[in-house]
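Engineer: Given next are the chains, with one letter for each unit.
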Amino acid sequence: MRVRRLAAWTALPLAVTLGLTACGSGSGGSGGTDPNAAVRIEIAEPQHLVPTNTTETSGSQVLAALFSPLVDYDDAHQAYEVAAESVTSEDNITWTITLKDGYTFHNGEPVTADNYIDAWNYGAYAPNGQGSSYFFEKIAGYEDLQGETPAAQTLSGLEKVDDLTFTVTLSAPYSDFRTMLGYNAFYPLPKAAFSEPGVLDEGYEQAPIGQGPFQMKGTWQHDARVEVERYDAFPGEQPKVAGVEFRIYQQPAAAYADVLSDNLDVIKAIPTENLSTAPTDLGERFQTSPASSFQFLSFPTYQEEFSNPDVRKAISMAIDREEITKAVFKDSQTPARSFVSPVVAGYRDNTIGDAGTFDPAKAKALYQSVGGPSRLEISYNGDGGHKDWIDATCNQLRANLDVECVGSAEPKFSDLLTKVKAEQPVGLFRMGWVMDYPSMENYLGPLYSSNGSANFYGYENPEFDKLVAEGSAAASEEEAIAKYQQAEDLLAEDLPVIPLRYGQHVFGHSSKVTNVELDLFNRVDLLKIEAVQ
Amino acid sequence: MVRFILRRLLQMVLAFFGTTLIVYALMFAGQGDPIQALAGERPVTEAQRAYLTEKFHLDRTGIDGFFYRYFDYIRNLLQGDLGESLTGRQIGDILAAAWPVTIKLALIAMAVTVLVGVTAGVLAGVRRASIFDNSTLLLTLVVLAVPTIVLAPIAQYLLGVRWQLFPPTAGADPDFYSLLLPGIVLGSLSLATALRLTRTAVAENLRADYVRTARSKGLVKRRIVGIHVLRNSLIPVVTFLGVELGNLMGGAIITEGVFNIPGVGFNLFRAIRTEDGPLVVGIVSVLVVVYLIANLVVDVLYAVLDPRIRYE
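In order, the protein sequences belong to chains A and B. Residues 1 to 533 (this note's numbering) are what the first sequence spells out, left to right. Residues 1 to 312 (this note's numbering) are what the second sequence spells out, left to right.
Treat the hints as calculated values from the structure; they're not laboratory data. The beta carbon of each residue, even a glycine, is placed where N, CA and C say it ideally should be. Check each hint, because a few of them may be wrong.
[Stated by the list, open to error] Sample of chain B residues lacking proximity to chain A, with all beta carbon distances greater than 10 Å (derived):
(1) Phe28
(2) Gln36
(3) Leu38
(4) Val44
(5) Leu52
(6) Tyr68
(7) Val146
(8) Phe240
(9) Asn247
(10) Ser285
(11) Asn295
[Said to hold, decoys possible] Simulated pairs of lysine-lysine, DSBU-like, Cα-Cα distance not exceeding 30 Å:
(12) A:Lys138 with A:Lys160
(13) A:Lys191 with B:Lys104
(14) A:Lys217 with B:Lys221
(15) A:Lys138 with A:Lys466
(16) A:Lys512 with A:Lys419
(17) B:Lys104 with A:Lys421
(18) A:Lys466 with A:Lys240
(19) A:Lys512 with A:Lys240
(20) A:Lys421 with A:Lys362
(21) A:Lys512 with A:Lys330
(22) A:Lys364 with A:Lys387
(23) B:Lys55 with A:Lys419
(24) A:Lys217 with A:Lys512
(25) A:Lys138 with B:Lys104
(26) A:Lys217 with A:Lys240
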């Protein structure tokens with residue numbers, strides 16, 4: 001007891017002195033942030049760090065530090081110019097992109113129109129096997145770069161006007177082209193990235209040179225970390241930290257333990273098993289932000305028993321979405337009743353109408369009147385933590401429709417897709433979608449068009465395809481959205497999939513950082529994050 | 001002795017090729033669509049699919065394709081080239097980065113096993129039916145009953161997060177202290193077995209004729225236990241530890257994952273999850289070599305411990 005009192009007596013004057021010195025040097029900001037500190041952010045091992053080959057969030061997070069995009073998205077998810085001075089078009093076919101002056105790559109090279117043209121040509125050229133090559137398919141001449149021995153090496157639609165201006169000619173009008181430019185596939189590459197024209201230097205990926213607010217500090221330490229430091233010659237908004245260490249984790253649970261003990265600053269997705277305790281563990285440092293993810297159940301519409309839209313409607317009505325988001329997801333996701341995410345312009349609440357209203361009695365009557373199958377199966381990938389909600393959904397269908405229902409797990413999503421592509425009877429199957437850029441088209445096109453890249457359920461509606469195409473070609477964004485919404489109304493009638501939930505980013509940070517914000521793409525905003533002194 | 005070792009080395013070559021063939025065949029048979037697995041739930045572009053298919057000969061299927069790809073792999077392997085993983089990294093580089101940290105972890109686990117396990121085992125054996133003996137029995141039963149997948153996160157939460165005695169994760173280039181907790185967790189399972197084995201062997205040997213002779217000769221107890229009994233009791237323990245060393249190297253998948261140590265188990269787990277055939281086969285091939293060498297060392301140690309065992 002005496003010891004403790006003694007400690008208190010020494011601690012008191014010490015605290016006063018410290019407080020006084022803190023006041024004396026108080027010019028550093030009253031919030032007590034440290035512009036010379038580095039912050040530590042969790043990522044998984046990136047697959048690639050080449051802009052046109054990076055398609056997952058970890059790589060994209062690192063590239064966001066190293067590169068500055070042509071356009072970015074504001075709080076209302078609308079595009080605004082960053083590295084571009086302007087992106088304009090009269091007819092939505094020929095786009096003129098003017099770059100801001102003063103940008104340089106980290107090796108000192110000034111950024112010119114050539115850097116964009118070279119990078120995009122590299123990304124579109126099929127033999128390079130780039131994961132994001134499909135982003136260039138709307139540019140004229142893309143077809144000539146495909147196949148094993150392409151007819152051309154460069155996109156005919158890209159033309160340099162002067163050092164800071166180039167034009168992009170599309171093969172068809174596309175009103176969302178400017179919005180699309182925020183994706184990381186559209187970053188420029190320096191001359192130093194190429195060992196000869198069109199051939200990427202082998203070592204480039206180990207220490208990518210960009211034109212963004214941070215530059216590489218050393219090389220990519222595989223499975224360990226990627227470190228970046230502030231690039232002082234960056235002409236745009238300067239970050240408020242001196243550097244970032246992207247620390248690589250394989251299991252989110254390990255990262256979560258590190259955040260709890262201040263060994264790591266930001267975890268971008270709190271693991272599901274910690275969701276119930278995280279709000280108390282982290283207090284105000286537990287945060288959520290909107291995400292673009294969209295979870296749904298799809299029907300193999302090529303199968304006889306699911307071909308009647310009323311069967312699909314009855315199943316949708318028999319699912320209590322609120323119950324599942326609450327019980328299984330602890331409200332970390334929200335119920336979905338439309339075919340696009342609320343984060344895109346043109347989203348309307350509850351477009352599926354009746355089909356989204358939980359009404360077991362009506363559902364059962366409808367299901368029996370149209371003779372729905374007496375046994376349902378829901379397939380899912382067993383490695384994604386989906387078992388709980390699939391089982392819950394099955395239980396609801398069993399109770400409300402008086403059918404047998406089983407969840408059947410495939411080891412991986414790729415195994416599920418293999419079966420679906422072979423049109424094997426897998427029953428209903430779960431799918432999810434995350435957008436590449438905020439536009440209704442980025443949901444409607446790939447998911448429900450007859451030739452959509454993620455339309456695995458064989459939905460075909462020529463009228464729908466026509467409306468989406470008209471939307472893409474519309475003169476203004478408003479007209480485009482009107483067309484997209486008409487297209488979405490068709491989906492609500494046909495119900496090829498049942499919308500279930502929209503995701504949120506559920507993240508947390510240590511007590512050593514503030515102003516942690518996540519954008520729609522699960523990337524920490526590196527210009528905003530600050531380190532606490 | 002030399003002839004014995006030579007013969008064993010020759011057998012190892014055969015065993016090595018046999019196991020790689022089996023592992024390669026299993027990986028080949030179990031492979032669904034590795035390109036889609038790599039992309040997760042995203043659609044894969046035609047260009048990327050064509051590129052990877054050609055690079056890894058994924059279009060060569062069936063028996064013909066299997067032997068074509070296997071011999072292609074072995075040919076490269078004999079030239080010291082382990083190949084590339086599906087994400088384009090050299091497997092040799094991945095292994096070179098992963099092995100040092102796994103070896104460190106395994107050695108710490110081994111040291112914990114030997115120091116604590118054998119010492120406590122001898123004590124328990126000498127003082128049979130004492131409080132110490134009974135409490136170690138209870139403790140080892142608990143440890144054996146709790147799988148690592150439960151033990152590791154609990155240890156991490158209590159000792160790392162709650163009481164902050166150890167860093168909760170070790171990371172890429174850890175110091176000895178941050179590897180200590182994972183090492184203890186990893187070693188605890190083999191510790192329990194080693195303890196039980198030592199205890200039984202010591203208890204049995206204490207009743208042997210030569211101990212009675214030694215005692216009647218007037219030798220001090222410490223010398224009897226420390227030299228004569230221990231040496232004879234270690235034979236089953238050494239067998240166990242030899243096999244366990246191989247297990248510790250390859251079986252640290254859970255521990256390395258929980259404590260975020262990018263070692264061999266960490267990479268093996270990822271390789272299996274993403275159906276990265278070349279990486280799985282590469283890692284397992286090296287693990288096979290580790291097992292074979294560990295077995296050889298155990299056999300040689302037998303002769304050292306027990307002069308009656310001679311190899312011709």
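Engineer: For every hint, state whether the structure bears it out.
Structural biologist: These are the hints, each one checked on the structure:
Listed as outside the interface, Phe28 (chain B) is consistent with that label: its C-beta sits roughly 16 Å from the nearest C-beta of chain A, beyond the 10 Å cut-off. Against the 10 Å criterion, Gln36 (chain B) falls within the reach of chain A, whose nearest CB is about 4 Å from its own CB. With a least CB separation of 7 Å from chain A, Leu38 (chain B) falls inside the 10 Å interface cut-off, contrary to its annotation. Against the 10 Å criterion, Val44 (chain B) falls within the reach of chain A, whose nearest CB is about 8 Å from its own CB.
Non-interface status of Leu52 (chain B) relative to chain A is broken: a Cβ of that chain comes within 10 Å, the nearest being about 6 Å off. No beta-carbon of chain A comes within 10 Å of the beta-carbon of Tyr68 (chain B); the shortest separation is about 20 Å. Even its closest Cβ contact with chain A, about 18 Å, leaves Val146 (chain B) beyond 10 Å, as expected for a residue assigned away from the interface. Distance check on Phe240 (chain B): its Cβ is at least 30 Å (rounded) from any Cβ of chain A, clearing the 10 Å threshold; non-interface status holds.
At roughly 21 Å, the least C-beta separation between Asn247 (chain B) and chain A is larger than 10 Å, which holds for a residue marked as non-interface. Every C-beta of chain A lies more than 10 Å from that of Ser285 (chain B), the closest at about 20 Å, which supports listing it as non-interface. Distance check for Asn295 (chain B) against chain A: the nearest CB is about 29 Å away, which clears 10 Å, and the non-interface claim stands. Taken as a hint, the Lys138 (chain A) and Lys160 (chain A) pair is honoured in the structure, with Cα atoms around 18 Å apart against an allowance of 30 Å.
With a C-alpha separation of about 43 Å, the suggested pair Lys191 (chain A) and Lys104 (chain B) falls outside the 30 Å cut-off, and the hint is violated. With a C-alpha separation of about 62 Å, the suggested pair Lys217 (chain A) and Lys221 (chain B) falls outside the 30 Å cut-off, and the hint is violated. At most 30 Å may separate the alpha-carbon atoms for a hinted pair to count; Lys138 (chain A) and Lys466 (chain A) meet this at roughly 17 Å. With a C-alpha separation of about 48 Å, the suggested pairing of Lys512 (chain A) with Lys419 (chain A) is violated against the 30 Å cut-off.
Our distance criterion of 30 Å between C-alpha atoms is broken by Lys104 (chain B) and Lys421 (chain A), whose separation comes to about 46 Å. Proposed proximity of Lys466 (chain A) and Lys240 (chain A) is contradicted: the alpha carbons are some 48 Å apart, above 30 Å. In summary, the hint linking Lys512 (chain A) to Lys240 (chain A) is supported, as the alpha carbons are separated by about 14 Å, within the 30 Å threshold. Simply put, Lys421 (chain A) and Lys362 (chain A) have alpha-carbon atoms about 33 Å apart, too far for the 30 Å limit, and the pair is violated.
Restraint check: the Cα-Cα separation between Lys512 (chain A) and Lys330 (chain A) comes to about 27 Å, which is no more than 30 Å; the hinted pair holds. At roughly 25 Å between alpha-carbon atoms, Lys364 (chain A) and Lys387 (chain A) fall within 30 Å of each other, so this suggested pair holds. A hinted pair counts as satisfied when its Cα atoms are at most 30 Å apart, and Lys55 (chain B) with Lys419 (chain A) qualifies at roughly 25 Å. Taking the CA atoms of Lys217 (chain A) and Lys512 (chain A), the gap is near 22 Å; set against the 30 Å cutoff, the hint holds.
Simply put, Lys138 (chain A) and Lys104 (chain B) have alpha-carbon atoms about 52 Å apart, too far for the 30 Å limit, and the pair is violated. The hinted pair formed by Lys217 (chain A) and Lys240 (chain A) meets the criterion: a straight-line CA distance of about 17 Å does not exceed 30 Å.
Violated hints for the displayed structure, listed by number in ascending order: 2, 3, 4, 5, 13, 14, 16, 17, 18, 20, 25.
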